[in-house]
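The primary structure of each chain is shown beneath.
Protein chains: 2
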Amino acid sequence: MIPNKKSKKIPLNEFNIINKFLKKLNFNKKTVFNFENDGASITIPKGKELVISNDTLIENVHFFKNDSPKSIALKSIRTNLSDIMSMGAIPISYSMSLSLSKNIDNLWLRKFSNALYQEQKKYKIYLIGGDIVASKVLSISITIFGLTNKNKNILRSGAKINDDIWITGNIGDSHLGFKILKKKETISNKKIKNYFINSYYFPKPPVIIGNKLNKIMTSAIDISDGFLGDLEKISINFNKGSTIFADKIPLSRKLKMLINKKKLDYKDILSGGDDYQLLFTSSPINERKIRRFSKLYDVKITKIGFIDSSKKLKFIGYKLKGIKKSYTHKI
Amino acid sequence: MIPNKKSKKIPLNEFNIINKFLKKLNFNKKTVFNFENDGASITIPKGKELVISNDTLIENVHFFKNDSPKSIALKSIRTNLSDIMSMGAIPISYSMSLSLSKNIDNLWLRKFSNALYQEQKKYKIYLIGGDIVASKVLSISITIFGLTNKNKNILRSGAKINDDIWITGNIGDSHLGFKILKKKETISNKKIKNYFINSYYFPKPPVIIGNKLNKIMTSAIDISDGFLGDLEKISINFNKGSTIFADKIPLSRKLKMLINKKKLDYKDILSGGDDYQLLFTSSPINERKIRRFSKLYDVKITKIGFIDSSKKLKFIGYKLKGIKKSYTHKI
Numbered sequence: 136m137i138p139n140k141k142s143k144k145i146p147l148n149e150f151n152i153i154n155k156f157l158k159k160l161n162f163n164k165k166t167v168f169n170f171e172n173d174g175a176s177i178t179i180p181k182g183k184e185l186v187i188s189n190d191t192l193i194e195n196v197h198f199f200k201n202d203s204p205k206s207i208a209l210k211s212i213r214t215n216l217s218d219i220m221s222m223g224a225i226p227i228s229y230s231m232s233l234s235l236s237k238n239i240d241n242l243w244l245r246k247f248s249n250a251l252y253q254e255q256k257k258y259k260i261y262l263i264g265g266d267i268v269a270s271k272v273l274s275i276s277i278t279i280f281g282l283t284n285k286n287k288n289i290l291r292s293g294a295k296i297n298d299d300i301w302i303t304g305n306i307g308d309s310h311l312g313f314k315i316l317k318k319k320e321t322i323s324n325k326k327i328k329n330y331f332i333n334s335y336y337f338p339k340p341p342v343i344i345g346n347k348l349n350k351i352m353t354s355a356i357d358i359s360d361g362f363l364g365d366l367e368k369i370s371i372n373f374n375k376g377s378t379i380f381a382d383k384i385p386l387s388r389k390l391k392m393l394i395n396k397k398k399l400d401y402k403d404i405l406s407g408g409d410d411y412q413l414l415f416t417s418s419p420i421n422e423r424k425i426r427r428f429s430k431l432y433d434v435k436i437t438k439i440g441f442i443d444s445s446k447k448l449k450f451i452g453y454k455l456k457g458i459k460k461s462y463t464h465k466i
Numbered sequence: 136m137i138p139n140k141k142s143k144k145i146p147l148n149e150f151n152i153i154n155k156f157l158k159k160l161n162f163n164k165k166t167v168f169n170f171e172n173d174g175a176s177i178t179i180p181k182g183k184e185l186v187i188s189n190d191t192l193i194e195n196v197h198f199f200k201n202d203s204p205k206s207i208a209l210k211s212i213r214t215n216l217s218d219i220m221s222m223g224a225i226p227i228s229y230s231m232s233l234s235l236s237k238n239i240d241n242l243w244l245r246k247f248s249n250a251l252y253q254e255q256k257k258y259k260i261y262l263i264g265g266d267i268v269a270s271k272v273l274s275i276s277i278t279i280f281g282l283t284n285k286n287k288n289i290l291r292s293g294a295k296i297n298d299d300i301w302i303t304g305n306i307g308d309s310h311l312g313f314k315i316l317k318k319k320e321t322i323s324n325k326k327i328k329n330y331f332i333n334s335y336y337f338p339k340p341p342v343i344i345g346n347k348l349n350k351i352m353t354s355a356i357d358i359s360d361g362f363l364g365d366l367e368k369i370s371i372n373f374n375k376g377s378t379i380f381a382d383k384i385p386l387s388r389k390l391k392m393l394i395n396k397k398k399l400d401y402k403d404i405l406s407g408g409d410d411y412q413l414l415f416t417s418s419p420i421n422e423r424k425i426r427r428f429s430k431l432y433d434v435k436i437t438k439i440g441f442i443d444s445s446k447k448l449k450f451i452g453y454k455l456k457g458i459k460k461s462y463t464h465k466i
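Protein chains in written order, with this note's numbering: chain A, 136 to 466; chain B, 136 to 466.
Hints should not be assumed to be uniformly reliable.
No copy is singled out in the list; a pair is fine if it fits within one copy or between any two copies.
Said to hold, decoys possible - Pairs of lysine-lysine, DSS-like flavour, derived with a Cα cap of 30 Å:
#  : residue 1 : residue 2
1  : K183      : K285
2  : K391      : K158
3  : K155      : K368
4  : K350      : K257
5  : K447      : K368
6  : K165      : K368
7  : K398      : K438
8  : K368      : K435
9  : K391      : K350
10 : K314      : K237
Since the hints were made in silico from the structure, they are not lab data.
Construct the entire structure; sequences and hints are all you get.
Right, dumping it as structure tokens:
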């Protein structure tokens, strides 16, 4: 539905927004009806199942008001891709509800839609449709669609006792970037500072893993709310525990350096969020397969511990006490 | 994704909201994972195609701040059902992104979720998942899913010359209700006043028609942006025209009475929105079928004119000149 006459006037209308900026994002798929219909359709190939996830990013909550349109576009897409990945699915398309505030203009929309276009090419997805409304605050709500083989969804509940716990990429960089932007942390070296800020602005979920390793993952979750909180969600929440080797937790060289200089609180890294890396479990017999995949697709994957029956999070080599597991449940 | 630590604190958290209010809405479907996963899955029956639509309702744009949680719930669901209906599909499920403002409390959420529960039972749909974020303004973004037979979607583009033009229900009541609420129209009789206000708050799209008549509709659109504007979208936008018999346009007895007393501007009714009735075209050979359906399912359906090649909207019995076709394109 287009906003009705009760909406605030801004010098753009839905027709122009669709034609100038959004039409290019349908990648000429027939079933999107070129935005001329109220909806779109998806045909699911035989033996496949549709997986759906929804993530909403909102000004002053998930991004800063003056963040570049490009970073807002990338973050919107990638946080959603991250969810599809954690279900072991291949992303195919998405719908987008854009709530536009008054300060959004043609230039902003051009940059935003061009960034989406590049993202779509990179991840082989297309825009099927959506809605445009006027709002006091900018918000982007994406519903993303993916495919899995029938009954092959990966659930958070599936970890077995003695399964290895694996994690992709590094954690903590993005959270430090966020703290720098919030002026809660200062780093004088500009290059290093930008490295962390960019980690926050441009998360890089290893989307391909969802598809390539889904047969051997017993449970998975993307780390969006903080490593510890998300680890709980695949272990304690289902009456299992975990043993984690603290020194195995993957950190970037730059982050390690800062921790060693005691410039940073290690606790903070374990509970900070916005990593969009994958935390998953798999039977020990799959270790070689996982390492082979890691080399072949150049995705860093680290074994950090194992699932046990303790119903606790246990850390070896670090005293866990007093750590907030997740800041993120308050809204 | 749940809102992260940047979000405003309100005395509710995502965990409680899901468990106290939203879990009941999954209707115990296994594939929604009881909100424990990042997403959900849908299996599409053989020969069927998934249809998707998205409608976002936002405070001060699509509803008033102090509207009852029930009316906001119903409007959110029914505007989306209206889109599914206009594609000739049967609704099956929906995902919901809730942006909650500070003044949302337990009571509000209980009333809102109870209303959704009743709607779901009425229309045989369930909630598959979604997202909860904190926001300055309340907004509800629903992505709704429906099923059609493969390649049986109804498009806006499909009308043929000489097809009859049909419309369900009445138009104008809802728009008048909106004007009363905005204090742009005064009606002293309380009962009549409430009738119009309720038409605005509780739209009643005849959802069943999408499924039962989809084989004989050549084009369809739900009237959300105003009758004239929406009529254009299935005729002029595709190089066709239409001839409309003004006296056939279905109006409620109460609305007719007000027009006759010259209390109301007829033009306004033709371009007002929020009706959520169906405007569709069909070959003249289907007239008896449509009238039979109308009786059987007790859905008012009126033949109001026909598609022609004029590339214009022509009115017989009323001078169309000077009417705004739709207020609704400005955002």
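Given a CA cutoff of 30 Å, do K350 and K257 count as a within-copy pair, a between-copy pair, both, or neither? within (24 Å within a copy, 39 Å between copies)
With 30 Å as the alpha-carbon cut-off, assign the pair K155 and K368 to within, between, both or neither. This pair counts as between: shortest inter-copy Cα distance 19 Å, intra-copy 43 Å.
Is it within, between, both, or neither for K165 and K368, if the alpha carbons may be no more than 30 Å apart? Cα proximity of K165 and K368: across copies only (18 Å, versus 40 Å in one copy).
At most 30 Å between alpha carbons: which applies to K391 and K158, within, between, both or neither? Neither way: K391 and K158 sit 45 Å apart in one copy and 42 Å across, limit 30 Å.
Classify it for me, K391 with K350: is the Cα-Cα distance of at most 30 Å met within a copy, between copies, both or neither? neither (33 Å within a copy, 65 Å between copies)
Since the copies are identical, ignore which copy is meant and state whether K398 and K438 lie within 30 Å (CA to CA) inside a copy, between copies, both or neither. Within. Shortest intra-copy distance 26 Å satisfies the 30 Å Cα cut-off; inter-copy 75 Å does not.
Give the relationship of K314 and K237 under a CA distance limit of 30 Å: within one copy only, between copies only, both, or neither. For K314 and K237, the Cα distance is within 30 Å both inside one copy (28 Å) and across copies (25 Å).
First find the shortest C-alpha distance between K368 and K435 inside one copy, then the shortest across copies, and answer within, between, both or neither for a cut-off of 30 Å. within (22 Å within a copy, 51 Å between copies)
Which holds for K447 with K368 at a C-alpha limit of 30 Å: within a copy, between copies, both or neither? within (12 Å within a copy, 60 Å between copies)
Check K183 against K285 for me: Cα-Cα at most 30 Å, and say if that holds within a copy, between copies, both or neither. Both: 5 Å inside a copy, 16 Å across copies.
In the structure shown, a violation is registered for the earlier hints numbered 2 and 9, in ascending order.
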